[in-house]
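K.L.:
Here is what each chain is made of, one letter per residue.
Number of protein chains: 2
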Amino acid sequence: MTTAPNPQTEKTRLRIDGDRLWASLAELAEIGAYDDAATGLVGVDRQSLTDEDGDGRRLLVSWMQEAGLEVTVDGMGNIFGRREGIQPELKPVMAGSHIDTVATAGAFDGCLGVLGALEVVRALNDAGIQTRRPIVVVAWTEEEGVRFGTDMLGSAVAAGRLTLDYAYDLVDEASLRFGDELERIGFKGMRPTRLDPPHAYVECHIEQGPILAQRGYAIGVVTGVQAISWQKVTLHGRAAHAGTTPTELRADAGLAAAQIIVEVRRMVNSGEYGQLRATVGHVRTSPGLPSVVPDLAEITVDLRNPDDALMAEAEAHLEAFLAALPESQPGLRVETKRMAKTRAVPFSDEIQNAIEASAKELGYDTMRLMSGAGHDAQEMAAIAPTAMVFVRGQYDGISHNPREYSTPEDCLAGVSVLADTIVELSA
Amino acid sequence: MTTAPNPQTEKTRLRIDGDRLWASLAELAEIGAYDDAATGLVGVDRQSLTDEDGDGRRLLVSWMQEAGLEVTVDGMGNIFGRREGIQPELKPVMAGSHIDTVATAGAFDGCLGVLGALEVVRALNDAGIQTRRPIVVVAWTEEEGVRFGTDMLGSAVAAGRLTLDYAYDLVDEASLRFGDELERIGFKGMRPTRLDPPHAYVECHIEQGPILAQRGYAIGVVTGVQAISWQKVTLHGRAAHAGTTPTELRADAGLAAAQIIVEVRRMVNSGEYGQLRATVGHVRTSPGLPSVVPDLAEITVDLRNPDDALMAEAEAHLEAFLAALPESQPGLRVETKRMAKTRAVPFSDEIQNAIEASAKELGYDTMRLMSGAGHDAQEMAAIAPTAMVFVRGQYDGISHNPREYSTPEDCLAGVSVLADTIVELSA
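Sequence order for the protein chains is B and X. With the numbering used here as the guide, the letters of the first sequence map in order to residues 18 to 444. With the numbering used here as the guide, the letters of the second sequence map in order to residues 18 to 444.
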């Protein structure tokens with residue numbers, strides 16, 4: 018990076034090195050690689066604060082340093098790489114995502130956004146371009162939430178929604194503490210965790226869904242993140258013999274669970290709750306014997322809605338439905354526990370427009386779409402103008418699976434749009 | 018037992034020693050006793066052909082021999098104790114049940130019938146009574162079916178419905194062979210397994226249901242055993258992200274499983290299938306993560322109906338329902354596997370009437386009721402006039418659970434009725 022000012026007085030089309038981007042993705046994917054029996058492919062398991070995550074972080078830091086970035090780490094282990102701007106006192110343009118993964122991951126989820134942002138910096142270096150505003154590449158800690166139970170953890174603390182103490186005291190299934198594990202891998206940094214709001218935050222991410230591919234777009238402009246609600250419902254019934262117990266005397270916990278599953282799908286299909294999505298991903302009944310009426314059933318209910326008011330109506334309806342279940346099965350008891358709840362987060366129109374304009378200039382048609390999944394960007398949206406660039410995924414956008422795949426061309430397209438947007442915003 | 022003939026020329030009311038019966042039940046229950054954490058009670062685990070079952074069998078054999086019975090064991094390990102009759106050439110009256118248990122059993126299931134029949138013999142001995150026909154006490158092998166997968170195994174082979182080879186080749190979860198385990202515990206007997214049909218077969222058993230207690234009867238006259246059908250249904254769907262995947266593109270295996278569970282209950286409630294009972298005791302979904310649409314679900318469907326024709330209609334309807342499931346979720350695949358199927362078995366009117374008459378003479382009101390559970394008696398019904406005496410159970414007749422309990426008075430009532438019936442039939 019040169020120190021002589023080289024202001025961009027006219028638009029410089031920044032050329033992204035697609036091969037170098039792809040090679041970076043492949044090299045990072047070797048950390049935590051494992052043979053996935055279910056798919057026959059090589060997957061990635063680089064869960065938050067494991068040794069593999071530590072190795073991935075160290076690789077990222079080395080790449081950041083090679084690219085001339087000033088690397089700092091905050092109290093949550095969030096990693097920042099700063100590229101100085103001509104006017105260092107200005108708020109930076111921030112771009113990134115996460116490099117922690119689920120247990121059965123592919124190479125792109127989160128990593129595309131971090132390595133894409135890094136590749137933008139390398140391209141600026143290659144072109145000898147200085148930007149007015151500083152640019153910061155960020156990798157947030159524990160975005161997936163699979164190990165310590167709360168997703169978007171690093172970005173949520175940085176944005177001030179959750180406290181450092183809350184995060185440090187989270188434990189995993191082996192009762193290991195987040196704070197202890199962070200120290201163990203050597204990423205409990207000194208930089209203050211509460212983030213000074215950047216000028217803007219842009220995140221490039223794979224879509225993790227089928228819409229862009231179905232509609233024929235490589236690039237999507239993300240309008241916001243849906244409201245997300247998770248609850249665990251436990252049904253307590255009465256164990257009884259399948260043959261000898263009259264039906265009217267049963268309190269069948271499994272039946273009640275099934276009624277809930279069917280009802281949430283009916284709610285979606287009714288259209289009364291807008292674009293509600295409902296998923297019961299986990300079902301467990303006990304004792305689980307063919308000739309015994311189940312006395313216990315546990316399910317998780319995952320609701321999503323781009324509209325907060327309709328989400329509230331859906332949740333109220335579900336609550337009433339659950340409360341009424343014992344009427345048809347006297348003796349049945351219903352327990353619910355909220356596991357997570359986030360409101361719909363609209364992204365900045367200004368940043369969305371910037372992304373769309375950049376894509377257009379680069380020759381990419383785009384469509385606007387909501388994000389069905391949670392992202393660090395939704396935390397950043399609370400403190401700075403924020404939006405996301407979605408990249409089309411193959412195989413219906415399957416993610417959290419080694420089959421997760423976006424083509425080199427589509428990855429290049431997404432990072433090119435990201436680059437142009439960053440350059441615009443940092444001008 | 019005296020050798021001088023002592024024919025019963027007039028009705029001798031046989032007095033059953035209730036204390037001795039209760040003590041026998043308690044002593045047998047010590048074999049395989051364990052501390053059941055779920056209930057805080059002592060339960061019994063004396064599964065078929067385990068060391069505990071071997072010990073239980075040896076205790077029974079010693080009691081049989083003490084009672085002067087000639088003990089033989091057949092190729093299935095079924096244990097027979099014969100009390101000679103005045104006319105040894107006549108077909109005997111047979112009474113018994115099973116002493117193998119489920120993993121979390123009480124003291125009464127099956128044991129009441131075997132030790133009750135033994136107690137009848139002891140009472141005949143005490144009274145110095147000789148019967149015209151011989152009397153045989155029997156304990157059938159592997160009635161529960163929990164270890165080797167097929168219930169009423171010993172009685173089914175004796176009755177000729179299943180072959181010895183079929184039984185010998187059954188394996189348990191540890192891949193141990195029935196035939197090998199039978200030899201290991203020393204109960205592979207020499208008596209020919211195919212049973213000469215007895216004159217009659219009577220079995221005293223706890224109800225394992227709530228009806229007698231609800232209706233205020235200590236004793237029930239059992240009219241037959243319901244048709245029983247078990248199938249395993251496996252749903253194959255498509256794993257997908259709960260947030261990003263549009264509902265219309267999902268093949269949700271868990272939803273399909275829930276729809277089946279709700280439908281079989283609707284079938285029962287509709288009344289179209291008579292006294293159908295339906296239970297889905299086992300539900301498992303995969304991968305079981307809150308934000309992933311399940312791509313696999315396994316359930317068991319247990320159907321019961323006293324009417325074979327209505328059972329067939331119910332099964333046909335369910336088959337059509339399963340076949341139609343992919344219409345609402347393209348890509349869903351449904352697989353079914355039949356695990357067990359037995360036709361309704363009506364018991365002999367003559368033996369039912371004999372039981373009812375005996376109960377009446379002893380001062381017990383009775384009601385007639387169907388057995389919801391399978392019993393060895395249903396196998397015997399194929400080769401000899403058969404019926405059962407049900408004894409009221411406490412706590413809604415809970416069974417397969419250490420809480421299983423019938424009072425000493427009710428047990429005495431049941432065995433007294435059994436005794437009187439046996440005496441009548443062997444006269």
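In case anyone wonders, no lab produced these hints; they're calculated from the structure. Please note: incorrect hints may appear among the correct ones.
Remember, identical chains collapse to one label, so a pair may be satisfied in a single copy or spanning two.
As the list claims (entries may be wrong) - No more than 25 Å apart at the CA atoms, straight line, and that leaves these computed lysine to any residue pairs for SDA-like:
no. : residue 1 : residue 2
1   : LYS377    : GLY288
2   : LYS354    : GLY305
3   : LYS377    : ASP182
4   : LYS108    : GLY166
5   : LYS249    : ALA444
6   : LYS108    : ASP182
7   : LYS358    : SER303
8   : LYS358    : LEU181
9   : LYS249    : PRO209
Owing to the predicted nature of the structure, the values given are computational and were not obtained by experimental measurement.
K.L.:
Going back to the hint list, which numbers does this structure go against?
P.N.:
1, 3, 4, 5, 6 and 9
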